[in-house]
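Peer 1: Join the two chains, each given in its own frame, into one complex according to the hints.
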Amino acid sequence: MSDPVRIDLPLNRATARSLRAGQVVELFGEMYTARDAAHRRLIELIDSGGELPVDLTDITIYYVGPSPAPRGAPIGSAGPTSSYRMDPYSPLLIARGQTGMIGKGPRGEGVLAAMREYGAVYFAAVGGAAALIARTIKSYEVVAYDDLGAEALARITVEGFPCVVAQDSVGGDLYKRPK
Amino acid sequence: MKEIQFDAIVAAVRQMCIRGCTLADPRLLELLAAARRGEDNELADTILGQIEENARIAAGGGDESQRRPLCQDTGLAVFFVETGSDVRIVGGELTDAINRGVAQGYRDGYLRKSVVGDPVRRANTGDNTPAIVHLRLVSGDGLRIRYAAKGGGSENMSRIAMLKPADGIEGVKDFVVNAVAEAGGNPCPPLVVGVGIGGDFEQCAILAKESLFRPLGDPSGDEFYAGVESELLGRINSLGIGPMGLGGSTTALAVHVLTAACHIASLPVAVNLNCHSSRHEEVRL
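In the order they appear, the protein sequences are chains P and W.
Just so you know, the numbering used here puts 140 at position 140 of the first sequence, and the rest follows in order with no gaps.
Just so you know, the numbering used here puts 7 at position 7 of the second sequence, and the rest follows in order with no gaps.
Extracted from the complex, chain W is given alone in its bound form (with noise of 0.2 Å):
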């Protein structure tokens, strides 16, 4: 049996969030200089140059003091955390843990407190907690923790459908394809595309959700699924919604699908946008 402190846990959630919120991730920069060489439309290219010049200044110039987050809004903090059967948490629970660890990286980093604690009446719970947190009980004895700061503007954008077998894999691209579209610019593109396929209702958006995880740019591990996710990036890009929904080839940087089983009679699909500040981050302990 592994223990792990319970403030260990509350510093490593601290930091991720701090970090996740003002790092733009490297990939996603070289994606997005690799789509600007593509780009012929002028505002595109004068809108990409702007995102790559808010990423330099958020990092701070490599003074930690002078690091700001890369958009106001540092999102709800969503978690996949996979704890080995063999860990024992000391000193309180594992949910606890992370909660105080947003509640205290909300607080140091100045990220936006954009949690109501009530979908209705909503007053502002002022810590940014409760986070969502998926906890899945694996073998071993190590501790994955998983965050994403995940903003208002794209999760508004998020679509489901049950469609039905016979619809099949064009039926699913289809779905995915006008989602984007009806999005437009909302979601502020250039988006990363989470498309999750089978499992159940909230297996599907759940998976939509997980996806945006992967390495940017990693295509899947499934040959045919690679190809549908390279077929939906161009079939995306050729729509000409562009960055910021102004027009241009630069309207997603990848596109992400994970797969799961699902009922004879089912064909859920979900697609979960991510906008181009894409803010993950990974600790294991």
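Same shape as in the complex, but just chain P (with noise of 0.2 Å):
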């Protein structure tokens, strides 16, 4: 396997186009975590035309609900969870800003079609590497959602967080099966 490609966050719409499903690659910079619960209280803001938590220009959200950090570590374990819980949400997000999205197992064809409109990457983590992808994650912040627990809207800082891009903007899918 020939060395990661190094990404530096946030991410611009001209990098996502050129990214390719195969390559694997390593984030260097901030980014935000989400689950559903935070994805759908964006969405309601967004339809209710209330005020977001932060500037979805350029982000990338990456979809984990870690685990409880041990005293002195800024996070505990934090693996991917399932990213088509979120299919519903991301189109929208996608077209207000967002182009990066890191999870596991494939998106659904609204957010497919989201990444090809728009210019935005689906990067696929090993779910279950959870402490390995931990020791990449340097800093972790709540900026909302705060009763929502392990399920927070975080800003996190991360070094050579592991992934490959599973889904392109040009329609590459790993997913795909030869029949």
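Check before you lean on any hint, since a few could be wrong.
To be verified - Subject to a maximum C-alpha distance of 35 Å in a straight line, what follows is the list of computed DSBU-like cross-link-like pairs (lysine-lysine):
1. K138(P) / K113(W)
2. K173(W) / K176(P)
3. K138(P) / K176(P)
4. K176(P) / K164(W)
Worth flagging that the hints you see were computed from the coordinates, not collected in a lab.
Peer 2: This is how it looks when you write it as structure tokens:
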């Protein structure tokens, strides 16, 4: 396997469009964490015209609900959760600026269409590699929805976060299996 | 009559939760290493390498204070308990002791609390209780407690069907292979595939869950079903799903089948998948 490609966050549309399924990458910089509950609240805010707790432009969202941080560590174990549960919400967030998503398992057609239209990319991280991934997370700060506990919307800083481009903006898809 | 103290059960359960969620099963690591040697997909090899490295990090390099959960989803706590008819629990009820042990283990081990008290209103109970407890009365004076941390990603891909007896073993095999194919990358392959055949609607599902507790890689004691397990493993690994659904020949590490008697009109089959974090512990008191 060739060396991973280094990607600096935030991820602009042009870079997101340039990535191709199958590329093994390492992410550096700032991203956000959110799962179903936080996504639903963001969408409800957009629908009601409220002010969002984060600027969606060029952001990457990691689908994770970490285990509690032990003393002295910024975060507990932190592997990806199943992405299909975010499928109802992602197209609108992509339309409003989101360029990167990280989770596990394939995305639905609605998400893939939004990725093609606006330029966004879906990375797969290794489910269950939660202690390994946690080592690349250097800070964790809740920015909204503290009441959701592990499912809060948080800003994290990563150095060398390992993942692979699983579905890209031009139809490349590692989940398509030869029949 | 043998007396077992409530507090001894609490302590044993607490310890099982923490150990089970942080230390990878050595048999699982052996199966992973063997699968990796036979894997010619480069990305699959990279992913299997990350899973092995994750197990080393989670174990804390031999330093107990540095142990970390293998996976952030430390699951619902599921127990199969066999209590001897000559056992008396002193100081409280068995189920209460298990729940208290779970609450302590998930607090002290920095394990994630992943239980909501109501399936629709969804408020987190805060201590990962209540556990799922399958209790059986057996003869003798032993208390055997088996624990699994069952994550949501793999559990959500479970399937059950009431087949016709005429569907036979071929119908059962096709149902199992299709369940794994439809699950794809979601249940975190490489998997352990639990299969229940027979019983009635609910017993069949319990068989599938219980089959996951068998020591990994041990075949069924029934030669016929050992053959079914081996054939299913081959078919599943030729689906091309691979680790995390990203391609390769390592989709399952083992298939476990458990069976029970059933009605003349029925052929129930259930599939319960376990991710590669196959977390099981056992104690006897």
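Peer 1: All the hints need checking, so say for each whether the structure fits it.
Peer 2: Outcome of the hint check:
Between K138(P) and K113(W) the CA atoms are separated by roughly 23 Å; this keeps the pair inside 35 Å, and the hint holds. Taking the CA atoms of K173(W) and K176(P), the gap is about 23 Å. The hint holds against a cut of 35 Å. This hinted pair checks out: K138(P) and K176(P) have alpha carbons roughly 34 Å apart, not beyond 35 Å. Distance check on the hinted pair: K176(P) and K164(W) sit about 32 Å apart at the alpha-carbon level, within 35 Å; holds.
This entry satisfies every hint, going by the numbered hints stated previously.
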